[in-house]
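Chemist: Next come the chains, spelled out residue by residue.
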Amino acid sequence: MLELATFSLLNGVVYGLLLFMVSSGLTLIFSMMGVLNFAHASMFMLGAYCSYSIGLKVGFFPALVIAPLVVAVIGAAVERYGLRYVHRQGHVAEILFTFGLAYIIAECVIMIWGRHPIAYGVPEVIDFPAFRLFGTTYPFYKVLMMAISVGMFAFLYFCFRRTRIGLVIRAALTHPQMVAALGHDVPRIFVLVFAVGTGLAALAGVIGGFALMTEPSMAAALGPIVFVVVVVGGLGSISGAFIASMLIGIVQTFAVALDYSMLDLLRAMHVELARDSPLFEAASIRIAQTAPIIPYLLLVLMLIFRPMGILGTREA
Amino acid sequence: MSETGRASILAPSARSLLSRLAPYRLWIAAALALVALPYLPGLTGNFGRSLLSQMGIAAVFALSYNLLLGQTGLLSFGHAVYFGLGGYAAIHLMRAIGGGLPIPMPFVPLAGAATGLFFGLLFGSVTVRRAGVIFALISLGVGELVYALLRMLPAISGGEEGITANRTAGTHLLGLSLGSQLQIYYLIAFWAFVSAVLMHAFLRTPVGRMCNAVRDNAERAEFIGYDPVRVRLVVLAVAAMFAGLAGGLHALNYEIVASEAAGAGRSGAVLLMAYIGGVANFLGAILGAVTITWLQVSLSDYTTAWQLYLGLFFVLFVLFAPRGLAGLIVMHRDVARTRAFVGLLRAYAVALGPAAVMAIGAIVFIEINYRRATQPEAGPRMALLGIDMDYSTPWPWLAAIALLAIGAWLFRASLPLVASAWERATEAARTTAGGRR
Chain A
1 MLELATFSLL NGVVYGLLLF MVSSGLTLIF SMMGVLNFAH ASMFMLGAYC
51 SYSIGLKVGF FPALVIAPLV VAVIGAAVER YGLRYVHRQG HVAEILFTFG
101 LAYIIAECVI MIWGRHPIAY GVPEVIDFPA FRLFGTTYPF YKVLMMAISV
151 GMFAFLYFCF RRTRIGLVIR AALTHPQMVA ALGHDVPRIF VLVFAVGTGL
201 AALAGVIGGF ALMTEPSMAA ALGPIVFVVV VVGGLGSISG AFIASMLIGI
251 VQTFAVALDY SMLDLLRAMH VELARDSPLF EAASIRIAQT APIIPYLLLV
301 LMLIFRPMGI LGTREA
Chain B
1 MSETGRASIL APSARSLLSR LAPYRLWIAA ALALVALPYL PGLTGNFGRS
51 LLSQMGIAAV FALSYNLLLG QTGLLSFGHA VYFGLGGYAA IHLMRAIGGG
101 LPIPMPFVPL AGAATGLFFG LLFGSVTVRR AGVIFALISL GVGELVYALL
151 RMLPAISGGE EGITANRTAG THLLGLSLGS QLQIYYLIAF WAFVSAVLMH
201 AFLRTPVGRM CNAVRDNAER AEFIGYDPVR VRLVVLAVAA MFAGLAGGLH
251 ALNYEIVASE AAGAGRSGAV LLMAYIGGVA NFLGAILGAV TITWLQVSLS
301 DYTTAWQLYL GLFFVLFVLF APRGLAGLIV MHRDVARTRA FVGLLRAYAV
351 ALGPAAVMAI GAIVFIEINY RRATQPEAGP RMALLGIDMD YSTPWPWLAA
401 IALLAIGAWL FRASLPLVAS AWERATEAAR TTAGGRR
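Just so you know, the protein sequences line up as chains A and B, in that order.
For the first sequence, the numbering used here begins at 1 and goes up steadily by one.
For the second sequence, the numbering used here begins at 1 and goes up steadily by one.
Just chain A, same shape as in the assembly (with noise of 0.2 Å):
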């Protein structure tokens, strides 16, 4: 049980911490310009292909730094030559161009990777075990997912707290007019902050595709989770957003690892439920089963009870 409640929790962590790398940048985004970006998760997804297409040529290491420069400057076109003519049209406007782009992505993606997913396992390099508990041993491609982004977080709160263009930055997110009347180029800061957020989820991308499944629907499936986190979270806070990353990659790692049901529940306590019972078939889902649904639960719950999210200063 301790067993596997160690490696279920590391697991969550890696999980959780892979969220927040995407959610991180979305939360960004959507504080600095108010655009909800549809197509965020499609750079995730663009990390990860683009990176094994290229770690191919040159290896993961290499691939680990290309890759997600690469979609960051697909990002900043995105938001340069897209998003900007959209948004004299508003608010909506902007959604549906990202949403529509998202679809573009998804396609491209099947355009020039095809149909199915990729076998894109983990790389050599990487692939060895780190430590051993319990008597089983922890790959070190983990440690490595891990110790990046903690490694990118530090970084990037470096240059956000003590640096002048985050100065610079963290002025506009609050004070744009201002930020420009000062001298500064506004426009140019928010392709920075759009490149800078969709290189960050294309990072989670480089090292979660060979952890997760690396094929064309990766970002349908990622992508609504994102935006429950960006909510749970509260809409524009950065440390709520760690924590509900933290919250969902745990709790979702724990129910996939329990496999029980209300059934087994009920029969240790010597209750039968007969099988043609209308009880018996919701009683008999696992708790495995219900991990898909455990964000969008918690989302709902969320609204309901505090509607602002958890650290957020506007309600929901």
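Because the hints were derived from the structure by calculation, they are not lab data.
Bear in mind the structure is a predicted one, so any value in this text is a computation, not a measurement.
Every residue, glycine too, gets a C-beta built ideally from N, C-alpha and C.
Treat the hints with caution; some may be incorrect.
[As the list claims (entries may be wrong)] Which bits of chain A does chain B cover? Going by a derived footprint, with three or more residues having C-beta under 8 Å, they are:
#1 113 to 127
#2 234 to 247
#3 301 to 308
[What the hints assert, rightly or not] Taking beta-carbon pairs under 7 Å as the criterion, some of the chain A residues facing chain B (in silico):
#4 L36
#5 F227
#6 I287
#7 Q289
#8 Y296
[Claimed, not checked] Here are the in silico distance ranges between beta carbons for each label pair:
#9 B/V126 x A/L258: 34 to 40 Å
#10 B/L153 x A/Q177: 25 to 31 Å
#11 B/M331 x A/V65: 45 to 51 Å
#12 B/D301 x A/M1: 55 to 61 Å
#13 B/L316 x A/M178: 33 to 39 Å
Once you've looked at the hints, dock chain B against the given chain A.
Modeler: Frame of chain A; chain B shown alone:
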């Protein structure tokens, strides 16, 4: 013979009836068109009538969606939830009828509507507290929740395979067995017509008018005594009811409902239909539903890349024609009466050539890429637009890119021509309108 001459022959009571019907002439024309459509040449086969049936279902669904997006400004990414749940209610009722329940099949869509209404009120009580981005996010979350729940309960939903039923079972109302595609088309057309009339009437009620007020300025609506949250709840419930009815029609038409009916794909599709049709206009949703359904059916016959074309089509509309097809028609209505319209059409014709070249380049590029990535076993030789090509050689690629680039360059060059012709035409429209005044 002139209109007045014919009218004078009619008895006075008939004349007063005619004048009373005059405001409804569009509806009457629509009803007659619905009756005549399955006998038009090209639509008499099973395929044509099935296409018409699909269009009818899509039109009800898109109209219900537009109550939210167009009329109330609520952008939903989970509207298929009500479609799917309505569909499941209908298919289970159909099974029950097959088991001996004495309800005639044509009333099955009402079960879908009731289910949609119920879930609209249930989910709406959580989702409509705020409009805008928040509502969009929450509707997405609720959509995913319901979809995942349906997948978890295969006894109710049948999972991916779905649940089947037989629509010819039970007592036959008016001798209708619903066995033929023609009969099912007329049933769908009937319900679609009734739904359209009811939705149009709903928008004329005080709460329907308040939808527009809440969309434009929720705070002011609150000041004159209407709670925006309640207005949104009412409109969501009504929209969900008609979405459920559309789901019921879907169940009758296909005799199968699978979890996909409530999925994100269908929610996205209805958004595409309503938006491309034009959200500012009541008829826009119908136009969009008909166009997109036709594109889906006809494109998917020719190419596996049709979803990409649909996505590109959608983004083009978002970027360049945010009022949709209906908006484009309205834009040209006044201009079409002026003499400068000929000049505008000529400018359009000039721009159309380069646009076509550009489109052909893009299509060749997309098609050879799709073929290479999704059907590698079919080999590099393929026929496209009647031309044999081999994508392992660089020529098709170069030709596609060249066509795209040349077309784009010429298209850009032709744009000032269109702009100035448009300027002249609108100017002419303004002066004629002014002269009339």
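Chemist: Are the hints correct? Go through all of them and say.
Modeler: Hint by hint, here is what the structure shows:
no., hint, result
1, 113 to 127, "holds (count 3)"
2, 234 to 247, "violated (count 1)"
3, 301 to 308, "holds (count 3)"
4, L36, "holds, 5 Å"
5, F227, "holds, 5 Å"
6, I287, "violated, 11 Å"
7, Q289, "holds, 6 Å"
8, Y296, "holds, 4 Å"
9, B/V126 x A/L258: 34 to 40 Å, "violated, 28 Å"
10, B/L153 x A/Q177: 25 to 31 Å, "violated, 52 Å"
11, B/M331 x A/V65: 45 to 51 Å, "holds, 49 Å"
12, B/D301 x A/M1: 55 to 61 Å, "holds, 57 Å"
13, B/L316 x A/M178: 33 to 39 Å, "holds, 37 Å"
Hint compliance for this structure: hints 2, 6, 9, 10 are not met, and every other hint is.
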